[in-house]
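**Student:** Next come the chains, spelled out residue by residue.
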Amino acid sequence: MSSSSSPSEWQPLYLSSIAGASTCIGAAVVFCQPKQGNKRVVPPGMMAFSLALAGSVMVTVSVISIIPECLHDDSFGDEVFHMIPFWSLIMLYRISSFTLGAALYFGLSWLLNVPEPEEILQDVLMGESKDLPDVERIQRKSFHNEDSERQPFFSTDREDEMHFERNLEKEMGQTSPVSRMKKSESKEIDHPPSPGNNNGKNKADNPFLGFTAWSTGKDLQSKDEQKAWRVAMLLFVSLFVHNFPEGLAVAASALESTNLGVTVTIGECKKYEFKSLCVTYE
Amino acid sequence: MNKQIIHTTVTSKGIMIHNIPEGIAIAIPCLKARPDQPWMSFALASISGLAEPLGAFVALCFFKGVGMDKSQDAIMSLENILAFVAGIMVIVASLELFPEALRNAVDTKKFFWYGTLSGIVIMSLTEFYI
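For the protein sequence lines, the chains are P and E, in the order given.
In our numbering, each number is its position in the first sequence, counted from 1, plus 2.
In our numbering, each number is its position in the second sequence, counted from 1, plus 1.
Isolated chain P (complex conformation) (with noise of 0.2 Å):
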């Protein structure tokens, strides 16, 4: 096996560079989308065309290439397609190893749903949702008044009480801490926070918590571009596991070669079985 350093050794480093930048061409796409003003507008079209296109890419990949090379028994040593004993071992590493994907992507999917405490808070005091209509908003939020345990803040014994604090602080010439505390309740109340001003303030006190407030969408306003980054979120790690492997097999194949070249102990045929593994992966 050669140690030395060769040109040629570092070739699928090179290869797999110029296949992973071509996703450069396929994300050079968004400059293409009409723009309005500062935002470029991706038509419902479009999001529809290139969320199947992915699903697609994703399923006919795992059907047709991923999951017969999985199931392919090697130990016969020819090319015909061999299944792998249902009740074996090796049987048991795949369908586990098949489920361990599958609860990374329920890991990442409660990940990307958590609410935040002062979401849910939020949620209570703007009557749970900005997008339900007008009607059944003010139904929720005199819902919420009348039950729960802030009801004195929105009705106007509060703001009788306010005045009266205001008063006795006059008097007293200083600010009590329970009127403090009830004078940010009000700002509050008054000027509910909207997830981005709130996403702003936590990422100056904390930038781990802005970062993770970035990147589960929750700085996001509408509902439709929050569940859009919700997917591009899972895409982006889905693509990125499925392209670490790709890169793994290239250069696997090539060391392969290598190895056949200077050990010869390798036979032609398993050569060709590795190399047909990840031709046919790709």
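Mixed in with the good hints there might be a few duds.
Cross-link-like lysine-lysine pairs, in silico, DSS-like; alpha carbons within 25 Å at most [as the list claims (entries may be wrong)]:
#1 K229(P) x K110(E)
#2 K41(P) x K229(P)
#3 K111(E) x K229(P)
These are calculated hints, taken from the structure and not from any lab test.
Position chain E relative to chain P; hints supplied.
**Tutor:** For chain E alone, coordinates are given in the frame of chain P:
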């Protein structure tokens, strides 16, 4: 050695072609979510493509000395990694991508079908002819 280069080039060509729809697939939902940041959509899609040379680099660095474990019953065999990838891809496609694509295809389903057929055709051609 020439044979090796030709073989790796052929494999890379196949990957190159099927990476293009992948780039589109990531960039468009990202742009939809953040329409004022097209460069970020472009960068995010490009980063996912960078996983490829990263994988090649890992293989060249770690498997060069020891050789790839080709036994099928090894836990870290390439087949198990591929099964893991297939697991996440099939689930993401069926539970997220297709329902979301159908949700976006409100007026007409033709874009949904164009996308689905394009994916199947591109992948099948790169699979069987390259």
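**Student:** Which hint numbers doesn't this structure obey?
**Tutor:** none
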